[in-house]
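From first to last, the protein sequence lines are chains A and B. Just so we're aligned, residue 1 is where the first sequence starts under this note's numbering, counting upward by one. Just so we're aligned, residue 1 is where the second sequence starts under this note's numbering, counting upward by one.
Quick caveat, the hints were computed from the structure, so don't treat them as lab data. Take the hints with a grain of salt, since some may be wrong.
[To be verified] Taking lysine to aspartate or glutamate pairs in the DMTMM-like style, the calculated list, with each CA pair at most 25 Å apart, reads:
1) Lys103/B - Glu31/A
2) Lys183/B - Glu115/B
3) Lys103/B - Asp181/B
4) Lys176/B - Glu8/A
5) Lys103/B - Asp34/A
6) Lys104/B - Asp198/B
7) Lys26/B - Glu31/A
8) Lys104/B - Glu24/A
9) Lys101/B - Glu64/A
10) Lys215/B - Asp78/B
11) Lys101/B - Asp78/A
12) Lys25/B - Asp41/A
13) Lys57/B - Asp41/A
[Said to hold, decoys possible] According to the in silico footprint, chain A covers these stretches of chain B (three or more CB under 8 Å from chain A):
14) 52 to 64
15) 74 to 84
16) 101 to 108
17) 183 to 192
[What the hints assert, rightly or not] Looking from chain A toward chain B, a few residues come up when the C-beta cut is under 10 Å (computed):
18) Pro7
19) Thr40
20) Thr54
21) Glu57
22) Pro61
23) Glu77
24) Asp78
All of these numbers come straight from a predicted model, not from anything done at the bench. Glycine included, each C-beta is placed from N, C-alpha and C at the ideal position.
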Amino acid sequence: MIKVYLPELGENITKATVSYWFFENGASVVEGNDLVEMATDKATFNVPAPCSGTLVEIMAPEGESVEVGAVLAVIEEDTVAEKEGEEGGA
Amino acid sequence: MKALQNCRVLDLGLVDYEIVHDLQKKIVEDVIVGRAPQTLVTCEHPHVITLSRRANKRHILASDAQLKKMGVGICITDRGGEVTYHGPGQLVLYPIFDLRKDKKDLHLFLRRLEEVVIRALRSNFGLNALRKKGMTGVWVGPYKVASIGIGVRHWVSYHGLSLNVKADNKFFNLIKPCGLDVKMASLNDFFSDGVSLDAVKVMLLESIEDVFGFKLKGGMGK
């Protein structure tokens, strides 16, 4: 299981609000996909998926304020066989 | 001394919000993977009200019928902030900048965009342009003249700032800008002789070069 954290967004930014989830629990995601839009002041920041796999749990619902470093979601990473299958099929 | 970063300018004129939004997203994808240079899009939009995903729709004060009658569209978009109006006479700048080459700091980027406007208005127009504590944007006295809202993907920015140059201020009464009780004004309101949009554009481009350490290419005959 790979945890998705709210990254550092800049000096003096300690929190951001979950604005929009691009996927629902159970969805397949690809590394680099925008997972969630976070909002702070007049800026939004899209947190990307750190790996390919299944989004097993969204930990912070839309509207929730989240601390930098907190877990936003959990992804079950594709197995090596699944990854090879994807590459072979490309 | 740090080398100047190259950045192209795409000066689009009056273009629909959605068209420029789609274009920005394509350019962002290309900048993320290094297929396109950093890009500054400049344009004006036909009358439109835009809302961020979490904006309160009650901050649109006009009815659907009133908006239709006045030819004002509505778009939900993916920038930060609340409710904003765009229209002719308002200069819009969309900086698609690679913040990985500079500082990965959302709020610093917002402050720099404010600085671009503040320097341009102070040095070229002698206006006492200011920030307001705890707010984003640029004010002249009690009037807000520039609004800012950005989006960032993979540390590449899009959306940006709008400066009211000679906008029709009655359109601002259709909304509660940024969800706040602010008075909006255009630069035109401060000068009896009026202000040229093209002249303001050149000043803002120079200010961007100054604040961001960029060498801009293209646009406005540069």
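### Query
Which earlier hints turn out false for this structure, listed by number in ascending order?
Of the numbered hints given earlier, those the structure breaks are 3, 4, 6, 8, 9, 10, 11, 17, 20, 21, 22, 23 and 24, listed in rising order.
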